[in-house]
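**Q** Sequence:
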Amino acid sequence: MNNKTALKCMLFAYLFSAMALEVLGSNPIKVTYNRINNGKVIPNSEITLIYHNQIAYLDKDDAKIRQFMDFSRKQNVTILKYNGELYKANTPFETLTKPEFKNNQDTIMGYICDYAWFFSFSNKIEVWFTEQTGAKGSPYSAYLPGNKVLALKIVINGNRTILADSIEEITEESIPEYPYEIAKEISIPELEELKIKSRYVTLKIFNEETINFDNAIKPTKTNDTDTSTVYHFLKGTITLKKIKLPEIHEKGARVFAKLTSWSNGDAYDRTGSVFIVSPTEEKSSILDALQYGLDRLPVYTDNADKKYQGIVSNDTFDTPIEIMRFFTSFGVRDFNTRRVINNYPWKDAAEYKQEVTSVIPGDVDEIWVGVFIGNYDKGGHKVSLEFDFYPSFGDEEKMAIQWVKPIFNTVNILEMSGQNYGRLFKTDTLKATFDLHGNIDDLQLLFTSTGHGGWGQGDEFVPKLNQVFIDGVKVFTVVPWRTDCATYRLYNPASGNFGNGMSSSDLSRSNWCPATLTPPYLIPLDRLQEGQHTLKVVIDQGEDEGGSFSHWSVSGTLTGQMNKAE
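With the numbering used here as the guide, the letters of the sequence shown map in order to residues 6 to 571.
Incorrect hints may have been included.
Stated by the list, open to error - Pairs of lysine to aspartate or glutamate, EDC-like flavour, derived with a Cα cap of 20 Å:
no., residue 1, residue 2
1, Lys410, Asp476
2, Lys202, Glu391
3, Lys249, Asp393
4, Lys256, Asp393
5, Lys86, Asp64
6, Lys69, Glu51
7, Lys311, Glu420
8, Lys158, Asp64
9, Lys288, Asp320
10, Lys65, Glu90
11, Lys256, Asp447
12, Lys246, Glu391
Bear in mind the hints are in silico, worked out from the structure with no lab data behind them.
Turn these sequences into a full structure, and let the hints guide you.
**A** The structure is reproduced here in structure tokens:
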């Protein structure tokens, strides 16, 4: 290119910029960007930036979280609406990630753009920017190469692109609201917490409820219409409440149960279970036994003529649906100051969080939620429980209804009424029949199994084979076992220390540890046809050891999806 040609190109660029500045004067300027992944434009994913009077508006008025770039104050501003209140947090431009510049110009929509790149959280962000448009800002507000520029192109890690597609003037009536003065100022960490909380629905169920053993706690009657009363049953070992599921549950929300537990006087690790009951007019449940006695439950008799109350569902009774099997710690919080050890910073509580979407029925509005901890201590334990409902990623119009069918549950939730431990596997097989009707997609059995008892040579501390059969066909085999219990030592201040340097809480166990969850095994049953089926659980239960006996807490629930039309 000779000097005359170069001069003409420069003159053309100058004239184009001048015309652009003349067109884009003092009126508000709207910049629309496309999102591009791996070279393909993502439909209906446009980003809009509106600039006027030193403010870049990055979100519409109805957005829950809104971003602004305030060039007069030289800061990014985030305004969040949470529980009817407005909160703001400010990030000064001078604290943003600093760019590096390189001679790598590009022309975008006729504007000559300079180049900068940022490195943040192991990501490379490349930005092409210009001062020629009369607007300022960036659709990626954390990465701004200067206070007088507009970013027209951003490339993230080489494969995700935000590219300007149009720049136009708009009327002042189109400018979003900027409620800076009326929003309450909070810190960035506080804002980040509220951001997360604002994205999902939390349903508080229990708040620091006591689960203990107290003869003074008498049976009571429940009120089927009351969703505010917390009931305590069986001398305090069960806390129960009826809840109304939020509207978001009908739209295919993911559901997580979050339980926090700590000692209120009990030093020992105990079996715990979070369960739900979805009562129907056609079937009875443990709600009847809690109010009127154990004889309301069907009885399962094993080969040794031992009786087990309410452990198998049938045509007239459903076992409780176990949604979370947990184990308390050895005395966390209450015993922290009673056993002080150098370099042992005891935890304040045991926290358990597990996705339970598949076991929350989709065809009901209300359910009973209970927490059981088997203990014999008047102080017992404290628990708090909440359900967190996270919006679905999918199309709610196409969401199927969650189908849930409890089959068996040998966790002796009704222990204080005399319900037996699950000892039947020593002489017998657990058998259950169930019917399948209609088309159930993604059918699976959630099988939870933990071994207990027998001291040193009992099933708690000796690996044992578990097998599941359906219609005589083996569908699952496992030896439930945990070898990571020592990970949770700091949750167990009251755990006994042995002469060899180990602690009781360190010992490997049959699929559980003190202060942990035991998630279910997922057994696919896609090939199971409509009709009646027989399920059997076979466990190699060990012999009794002196005055102690081995036993197994197992629960099984069928889950799947039904089409809404069905």
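**Q** Now, for every hint given, state plainly whether the structure supports it.
**A** Results for each hint:
Taking the CA atoms of Lys410 and Asp476, the gap is about 18 Å. The hint holds against a cut of 20 Å. Between Lys202 and Glu391 the CA atoms are separated by roughly 13 Å; this keeps the pair inside 20 Å, and the hint holds. Proximity of Lys249 to Asp393 is assessed by CA-CA distance (about 13 Å); at most 20 Å being required, the pair is judged to hold. A hinted pair counts as satisfied when its Cα atoms are at most 20 Å apart, and Lys256 with Asp393 qualifies at roughly 14 Å.
Taking the CA atoms of Lys86 and Asp64, the gap is near 13 Å; set against the 20 Å cutoff, the hint holds. Of the pairs offered as hints, the one joining Lys69 and Glu51 holds, with about 18 Å between alpha carbons and a cut-off of 20 Å not exceeded. For the given pair, Lys311 sits about 15 Å from Glu420 by alpha-carbon distance, which is consistent with the 20 Å threshold. For the hint linking Lys158 to Asp64, the alpha-carbon distance of about 18 Å falls within 20 Å, and the restraint holds.
Taken as a hint, the Lys288 and Asp320 pair is honoured in the structure, with Cα atoms around 7 Å apart against an allowance of 20 Å. At roughly 17 Å between alpha-carbon atoms, Lys65 and Glu90 fall within 20 Å of each other, so this suggested pair holds. Only pairs whose Cα atoms come within 20 Å are accepted, and Lys256 paired with Asp447 is accepted, the gap being roughly 19 Å. Among the hinted pairs, Lys246 with Glu391 is consistent with the structure: their alpha-carbon atoms are about 12 Å apart, no more than 20 Å.
Going down the numbered hints, you'll see the structure goes against none, and every one checks out.
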